[in-house]
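Chain by chain, the residues run as shown.
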Amino acid sequence: MSTNENTTPRSRGKAPAGERVADWADGRLGIYSLAKANMRKIFPDHWSFMLGEICLYSFIIIILTGVYLTLFFHPSMNEVEYHGSYVPLQGQLMSEAFSSTLHISFDVRGGLLIRQIHHWAAVIFLAGMFVHMMRVFFTGAFRKPREINWLFGFLLFVLGMFTGFTGYSLPDDLLSGTGVRFTQGAILSVPIVGTYISMFLFGGEFPGHDFVARFYSIHILLLPGIMLGLVVGHLILVFYHKHTQFAGPGRTNKNVVGMPLLPVYMAKAGGFFFLVFGAIAALAGIASINPIWAMGPYRPDQVSTGAQPDWYMGFAEGLIRAMPGWEINFWGHTLVLGVFIPLVLFGLFLGLIALYPFIESWVTGDKREHHILDRPRNAPTRTALGVAWVTGYMIMLIGGGNDIVATHFHLSINAVTWFVRIGFFVGPVLAFVVTKRICMGLQRRDKDKILHGRETGTIKRLPHGEFIEVHEPLSQEALHTLTAHEQYKPAEIGPTVDENGVERKVKGSEKLRAKLSEAYYGEESQIPKPTVEEYKEITSGHGHH
Amino acid sequence: MKKLSARRRHPLAALVVLLLALVCTGGLYTLFAPAGKVKADETAQSLAIDEGKKLYAVGCASCHGTGGQGSSDGPSLVGVGAAAVDFQVGTGRMPAATSQGAQVPKKKVVYTQAQIDQLAAYISSLGAGPAVPTKNEYGPEGADIAKGGELFRTNCAQCHNFTGAGGALTKGKFAPSLEGVDPKHIYEAMQTGPQNMPSFPDTTMSEQNKKDIIAYLNAVNGDETESPGGLELGGLGPVSEGLFGWIFGLGGLIAVAVWVAARTAKAKKS
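Heads up: the sequence lines are chains S and Y, in that order. Going letter by letter, the first sequence gives residues 6 to 550 in this note's numbering. Going letter by letter, the second sequence gives residues 13 to 282 in this note's numbering.
By construction, these hints were calculated from the structure, which means they are not laboratory data. Cβ atoms here follow ideal geometry from the backbone N, Cα and C, with glycine treated the same way. Just so you know, not all the hints are guaranteed correct.
Claimed, not checked - Just some of the chain Y residues that point at chain S, by a computed CB distance under 10 Å:
1. ARG21
2. SER88
3. GLN170
4. ASN173
5. ALA177
6. GLY178
7. LEU243
8. GLY249
9. PRO250
10. PHE256
11. LEU262
Let's have the full structure, built from the sequences with the hints guiding it.
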């Protein structure tokens, strides 16, 4: 195509500069076909589809500010005497890491602002990923073909947690040092290999002289490198799968209704990037985060109350704080269950959400692709499971801050801890039941609306004195939107006797699947959509509403 | 009225009703909430007793015994010293309410400083104990702030937090915030160890060390302390930072996202 146009010039004059540059690049990179295929790619419009963008942009902000911080940070645990401009630490002995962080905060131009942007962006990055994941979960966007992208996202969240952890441990202040000690304790609690891993990671006994330098290369190179790769893969898959959309008139499983990437979304996304950057910079200009000068340098013999990790590690902190201090001693070995069980639970609880798409597709046995999103109410069991998971997570966050909760609400810390212990088991069950009921109620309301129309609030008095409220029938579009979802039937085990009368063995997994399917899609778990006949019957004119 | 009823199905109607209800409940609560605790016995003050013993007999003896020997309701005060009296009465912790919770909280001081001094004189006459410190002892002159910080982190931060924001202890007890506490009272607390606090007599923590700690607290948590990074968010660390980040950071960005998504190109429908 392009060669054709080149050999038959439209005019004698030179082509405009832009065209020549594009031509030059196309001849070497072949970008024309790539751009043609993707520039006009359609994306649907919904505010919740921008949550992932918040994450992407805060990730970029973190990388940009992080590069600036590396210019001044010394990842060394050599002991130095402080003689910078922060008076209350004058003459104190501290690691070079801590003293260079003080230097960044007080003596480098813009250093404190950049540090705070970096840290606030990290807090928002993780929070954004959490909410983004919940959006994908509750709308069923993780279904085929997007399971792998769901795992990419999950990995990004987990790696983000650990990148955050290694990052806030770098200044070697008293708060983060306590956190590193906490982590070392968790590592030590692993049977058999724990002590070896700890010695290997810290290059000897805690704290040693190595961990800051090691965390540094993990924090600025290893983890962000993997994350960057995953982010790129995540985005490529979004392009490849095309974006999901909510049901609506004209929207099918085979199309995407929305606007083109260029120019609409390029402009929107570009603008949104600056809005995100601006909001985070404003936050960093207004509010202090991790004031390491107030915490002082880390010394293993010192500890402060109110020592919590950043919010994304609060779940792990909560598990440890809520767990009774059980331990088993045998043959001179100690198994510290009080720490090891929380460590295992931490992995299992997070793993649950990673595996969920595979569990659901096994229960439904659905092998088709899904590009239309579910409304959460139309998948009550999934929604209820998700809310139960979030409830468990949130209760453990309360557990992680049990001392702050106790002092600020004038409660006993013991009572808060017991609330968390019981709540971790009871809360998710309650949340499950309540959420499912709410979803069912909303489904009933939808059905009501479809069959009887919208309540107008207009009261009419009939000639014989009866009062009725006038209902307005829904528009065709609204009717479509409310009935677009499909409803599964519970999977049955199938005939157990073949045509020759031979009984086959029913596997345990089949029975389990049938039971789960019944729980997901049985009569108790969904309200049947109104059928066309029902609708005609009721709207045919006779009888009032 | 017609206007109101026409709008009662507006999408924001529920929000408005909710706000109104909140304002009403809050207003009614402030109107009818019980006023602060009953003021100290007028008669006790109007008697104008300039002698600690008489004050003691009225205000303290019912719990601490007529001669300061203590009872089932309060400990013996023999040998606690003037510093303990000055701290407990001077911060309003004493006299305590008849039924306090896990710990006697700081509250409004009911005695004048002159009366407190009289009480202190009476109590110290029962047995020798630490005296009320002088300004020389707790003043900022000649104090080493950095050393005080190190001492604070080693001895105090376990309960009082990095900069004295306070923290939780078991079963509803707590280490109070040290913000805005009179240096004299901090000194006396270290000296006498009130309630759940261990005492740090001069033999374990020298006068100079106490001075250093007070100077450090004044530098990091005093009236004139500047927060270089902006709002301190209570100085409570990651819990308040996380809440702030979620609510104002992510919350604000989601609001922006909703705003951006609502303002879309008008090419959709003709």
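Hints versus structure:
1. ARG21: At 5 Å from the nearest chain S Cβ, ARG21 (chain Y) passes the 10 Å test, so the hint holds.
2. SER88: violated (28 Å)
3. GLN170: Holds: closest Cβ of chain S sits about 6 Å from GLN170 (chain Y), inside 10 Å.
4. ASN173: Holds: closest Cβ of chain S sits about 5 Å from ASN173 (chain Y), inside 10 Å.
5. ALA177: holds (7 Å)
6. GLY178: Interface hint status for GLY178 (chain Y): holds (6 Å vs cutoff 10 Å).
7. LEU243: Interface hint status for LEU243 (chain Y): holds (4 Å vs cutoff 10 Å).
8. GLY249: Holds. Min distance 5 Å.
9. PRO250: holds (5 Å)
10. PHE256: The hint holds - PHE256 (chain Y) has a Cβ within 10 Å of chain S, the shortest such distance being about 6 Å.
11. LEU262: holds (4 Å)
In this structure, only the earlier hint numbered 2 is contradicted, and the remaining ones agree with it.
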